[in-house]
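Engineer: Since the structure of chain A is already known, use the hints to place chain B on it.
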Amino acid sequence: MKMRMFAYANMPLEEEHVTVTNVEQAAELIEQSETPEKEKMVLIAASGDLDKAWPVMILATTGAAYGMDVTIFFTFWGLSILKRPGAGLTGDDWRQKGLSMFNRGAPDGLQLSKLNFGGFGTKFMKDLADEKKVASVQELLELAQQMGVKLWPCQMTMDLMGFDRSDMIDGLDEPAGAGSAISLMKDASISLFI
Amino acid sequence: MSDKVIDARNLQCPMPVIKTAQGIVELQSGQTLEVIATDGGALSDIPSWVKDMGHTLKEQFSEGADHHFLIVKA
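In the order they appear, the protein sequences are chains A and B. Using our numbering, the first residue of the first sequence is number 1, and each one after it goes up by one. Using our numbering, the first residue of the second sequence is number 1001, and each one after it goes up by one.
Just chain A, same shape as in the assembly (with noise of 0.2 Å):
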């Protein structure tokens, strides 16, 4: 019934290219007519900090269980979040690589901001996360590619760092710039800055 007040209304008898003829298209009309859009979340993930890229990630489970379209904008430090395991000393120049030296990256090598002690304060908390059941990083990253958030790395920093496609995880989105960051965050919902 729906299908056919859909048909009717759009089919001014003069314009033939508007014709749906079968079933299947009507469907297909109906349902891109009908979906509402999702409510739009952008995060833009800037630090590589474990107690940064915990929330970020979080927040982007959540979104995606609240149904929500969400996208993470990787940029700066928050790029060595999608650092492939073991990729290594990255870039070509030795500035580069003497940063990458400093800054491990990857889902699971994320270091705490404060109380660090050398790693200690990390591994203190990590195991304490995993005693209270609490999803590790990287749990939630291949939980939120799952439920399709989008992934976006930052064209610029990847150039400035000498990042790779193949020193990164798989399953990201094309790398995009602030343009297309503030694009989405115009009409999004929810941004944020973490």
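If you're looking for bench data, these hints aren't it; they were derived computationally from the structure. Do not take every clue at face value.
Once the Cα atoms are required to be at most 20 Å apart in a straight line, the calculated SDA-like pairs of lysine to any residue come out as [to be verified]:
{"hint": "1", "chain 1": "A", "residue 1": "Lys132", "chain 2": "B", "residue 2": "Asn1010"}
{"hint": "2", "chain 1": "A", "residue 1": "Lys38", "chain 2": "B", "residue 2": "Asp1052"}
{"hint": "3", "chain 1": "B", "residue 1": "Lys1019", "chain 2": "A", "residue 2": "Gly67"}
{"hint": "4", "chain 1": "A", "residue 1": "Lys132", "chain 2": "B", "residue 2": "Gly1040"}
{"hint": "5", "chain 1": "B", "residue 1": "Lys1019", "chain 2": "A", "residue 2": "Gly177"}
{"hint": "6", "chain 1": "A", "residue 1": "Lys132", "chain 2": "B", "residue 2": "Leu1011"}
{"hint": "7", "chain 1": "A", "residue 1": "Lys126", "chain 2": "B", "residue 2": "Asp1052"}
{"hint": "8", "chain 1": "A", "residue 1": "Lys132", "chain 2": "B", "residue 2": "Ala1074"}
{"hint": "9", "chain 1": "A", "residue 1": "Lys132", "chain 2": "B", "residue 2": "Lys1051"}
{"hint": "10", "chain 1": "B", "residue 1": "Lys1019", "chain 2": "A", "residue 2": "Ala129"}
{"hint": "11", "chain 1": "A", "residue 1": "Lys126", "chain 2": "B", "residue 2": "Leu1011"}
{"hint": "12", "chain 1": "A", "residue 1": "Lys38", "chain 2": "B", "residue 2": "Leu1011"}
{"hint": "13", "chain 1": "B", "residue 1": "Lys1051", "chain 2": "B", "residue 2": "Gly1041"}
{"hint": "14", "chain 1": "A", "residue 1": "Lys133", "chain 2": "B", "residue 2": "Asp1007"}
{"hint": "15", "chain 1": "A", "residue 1": "Lys38", "chain 2": "B", "residue 2": "Ala1074"}
{"hint": "16", "chain 1": "A", "residue 1": "Lys38", "chain 2": "B", "residue 2": "Met1053"}
{"hint": "17", "chain 1": "A", "residue 1": "Lys40", "chain 2": "B", "residue 2": "Ala1065"}
{"hint": "18", "chain 1": "B", "residue 1": "Lys1019", "chain 2": "A", "residue 2": "Phe102"}
{"hint": "19", "chain 1": "B", "residue 1": "Lys1051", "chain 2": "A", "residue 2": "Glu39"}
{"hint": "20", "chain 1": "A", "residue 1": "Lys132", "chain 2": "B", "residue 2": "Gln1012"}
{"hint": "21", "chain 1": "B", "residue 1": "Lys1019", "chain 2": "A", "residue 2": "Asp130"}
{"hint": "22", "chain 1": "B", "residue 1": "Lys1051", "chain 2": "A", "residue 2": "Gly67"}
{"hint": "23", "chain 1": "B", "residue 1": "Lys1051", "chain 2": "A", "residue 2": "Ile190"}
{"hint": "24", "chain 1": "A", "residue 1": "Lys133", "chain 2": "B", "residue 2": "Asp1052"}
{"hint": "25", "chain 1": "B", "residue 1": "Lys1051", "chain 2": "A", "residue 2": "Tyr66"}
{"hint": "26", "chain 1": "B", "residue 1": "Lys1019", "chain 2": "A", "residue 2": "Val134"}
{"hint": "27", "chain 1": "A", "residue 1": "Lys132", "chain 2": "B", "residue 2": "Thr1038"}
{"hint": "28", "chain 1": "B", "residue 1": "Lys1019", "chain 2": "A", "residue 2": "Trp54"}
{"hint": "29", "chain 1": "A", "residue 1": "Lys40", "chain 2": "B", "residue 2": "Asp1007"}
{"hint": "30", "chain 1": "B", "residue 1": "Lys1051", "chain 2": "A", "residue 2": "Asp69"}
{"hint": "31", "chain 1": "A", "residue 1": "Lys133", "chain 2": "B", "residue 2": "Gly1054"}
A quick note: this is a predicted structure, and the numbers were derived from the prediction, not measured.
Structural biologist: Below, chain B without anything else, positioned relative to chain A:
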């Protein structure tokens, strides 16, 4: 009685809400999902999610450390 039960016990934020969201997609409108969680945050998070998504929280009760939520899908 519920049509599906999600056991989110011992899971921390944000997992109870995420498990609830994942569980409800398998149900038809009008069917009931029961979620059991031990996370104290779920006491406010799950009702907020239910309200925001337009579903109905038919019943909520706690038995010891277990919090039960009966959600009717919109």
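Engineer: Given the proposed pairing of lysine 1051 of chain B with glycine 67 of chain A, does the C-alpha separation stay at or below 20 Å?
Structural biologist: holds, 13 Å
Engineer: For the pair supplied as a hint, lysine 132 of chain A and threonine 1038 of chain B, is the alpha-carbon distance within the 20 Å limit?
Structural biologist: Roughly 11 Å separates the two Cα atoms, so the pair holds.
Engineer: Quickly compare the C-alpha distance for lysine 1019 of chain B and phenylalanine 102 of chain A to 20 Å and report which way the hint goes.
Structural biologist: violated, 37 Å
Engineer: Regarding the pair lysine 133 of chain A and aspartate 1052 of chain B, is the alpha-carbon distance no greater than 20 Å?
Structural biologist: Roughly 26 Å between the alpha carbons, so the hint for lysine 133 of chain A and aspartate 1052 of chain B is violated.
Engineer: Take a quick look at whether lysine 38 of chain A and methionine 1053 of chain B sit within 20 Å of each other, Cα to Cα.
Structural biologist: Satisfied, since the Cα-Cα distance of roughly 12 Å is no more than 20 Å.
Engineer: Given the hint that lysine 1051 of chain B pairs with glutamate 39 of chain A, test it: the Cα-Cα distance must not exceed 20 Å.
Structural biologist: Answer holds: lysine 1051 of chain B to glutamate 39 of chain A is near 16 Å, not above 20 Å.
Engineer: Lysine 1051 of chain B and aspartate 69 of chain A were given as a pair; does the straight-line alpha-carbon distance stay at or below 20 Å?
Structural biologist: holds, 19 Å
Engineer: Between lysine 38 of chain A and aspartate 1052 of chain B, does the CA-CA distance stay at or below 20 Å?
Structural biologist: holds, 14 Å
Engineer: Can you confirm whether the C-alpha distance between lysine 1051 of chain B and tyrosine 66 of chain A stays at or below 20 Å?
Structural biologist: holds, 11 Å
Engineer: Just to be careful, I want the Cα atoms of lysine 132 of chain A and lysine 1051 of chain B compared with a cutoff of 20 Å; is the pair within it?
Structural biologist: violated, 28 Å
Engineer: Verify the proposed pairing of lysine 132 of chain A with glutamine 1012 of chain B, using a straight-line Cα cut of 20 Å.
Structural biologist: holds, 7 Å
Engineer: Can you confirm whether the C-alpha distance between lysine 133 of chain A and glycine 1054 of chain B stays at or below 20 Å?
Structural biologist: violated, 29 Å
In summary, the structure is inconsistent with hints 5, 7, 8, 9, 12, 17, 18, 24, 29, 31 from the numbered list given earlier, while agreeing with the others.
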